[in-house]
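Working from the sequences, and respecting the hints, build out all of it.
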Amino acid sequence: EPEVTQTPSHQVTQMGQEVILRCVPISNHLYFYWYRQILGQKVEFLVSFYNNEISEKSEIFDDQFSVERPDGSNFTLKIRSTKLEDSAMYFCASSGLLGGYTFGSGTRLTVV
Amino acid sequence: SQQGEEDPQALSIQEGENATMNCSYKTSINNLQWYRQNSGRGLVHLILIRSNEREKHSGRLRVTLDTSKKSSSLLITASRAADTASYFCAYLLTGGGATNKLIFGTGTLLAVQP
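First to last, the sequence lines map onto chains A and B.
Residues 18 to 129 (my numbering) are what the first sequence spells out, left to right.
Residues 66 to 179 (my numbering) are what the second sequence spells out, left to right.
It should be emphasised that the hints constitute simulated quantities derived from the structure, not laboratory data.
Quantities reported herein were computed from a predicted structural model and do not represent experimental measurements.
Mixed in with the good hints there might be a few duds.
No more than 27 Å apart at the CA atoms, straight line, and that leaves these computed lysine-lysine pairs for DSSO-like [said to hold, decoys possible]:
1) B:134 / A:59
2) A:74 / B:91
3) A:74 / B:135
4) B:121 / A:59
5) B:135 / A:59
6) B:121 / B:135
7) B:91 / A:59
So this is what it looks like as structure tokens:
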């Protein structure tokens, strides 16, 4: 069964550093997403990406965040200058036209 | 807020018993999905029910959807210790258009005692 692959599974970074979280969505999916989950809390939508551009972003997705699909297979989330409160599990997902989602297994980001 | 609400927040049962979790939402939806998450791990898709469906089964899972009440329930029958996890409902809004984003509920933490 097709999978969404995320790397790394765990990233530790110092406050103020830039991080790039990587994802390989399912190849024939059209929509790509990033969600995050702070420990013990609900899963929150960050951004959706369709037709090579951001289609919607949440209030959380401020100027420190950016997404790219650089080569037609990878989908990345960049945080320019990490803060302690960015520590969370970040999930990549992709879906087809009918909304059938597949989530990756997540990247746990720890900012110290 | 578009956020879904789930109850109970936590549920503890004995192995073999049934577990029922409820989800309520506030807007018109296209479909509603249930996910499972083991502690600190990824989201595993369990089942999807479309807005024109009322009930769906998958193994020991039974999901109902009442669009007039804007609510859904997930029933796990004959629970096992391995069912211990957090369960989240998530729904897709109608007219998602270029977004198709999922709105997640607050989750129910299920503990099944052996």
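A quick look at each hint next to the structure:
1. B:134 / A:59: Distance of about 23 Å is within 27 Å: holds.
2. A:74 / B:91: With Cα atoms ~20 Å apart, residue 74 of chain A and residue 91 of chain B stay inside 27 Å; holds.
3. A:74 / B:135: holds (25 Å)
4. B:121 / A:59: Distance ~25 Å between residue 121 of chain B and residue 59 of chain A Cα, so the pair holds.
5. B:135 / A:59: holds (20 Å)
6. B:121 / B:135: Holds - the C-alpha atoms of residue 135 of chain B and residue 121 of chain B are around 16 Å apart, at most 27 Å.
7. B:91 / A:59: Roughly 17 Å separates the two Cα atoms, so the pair holds.
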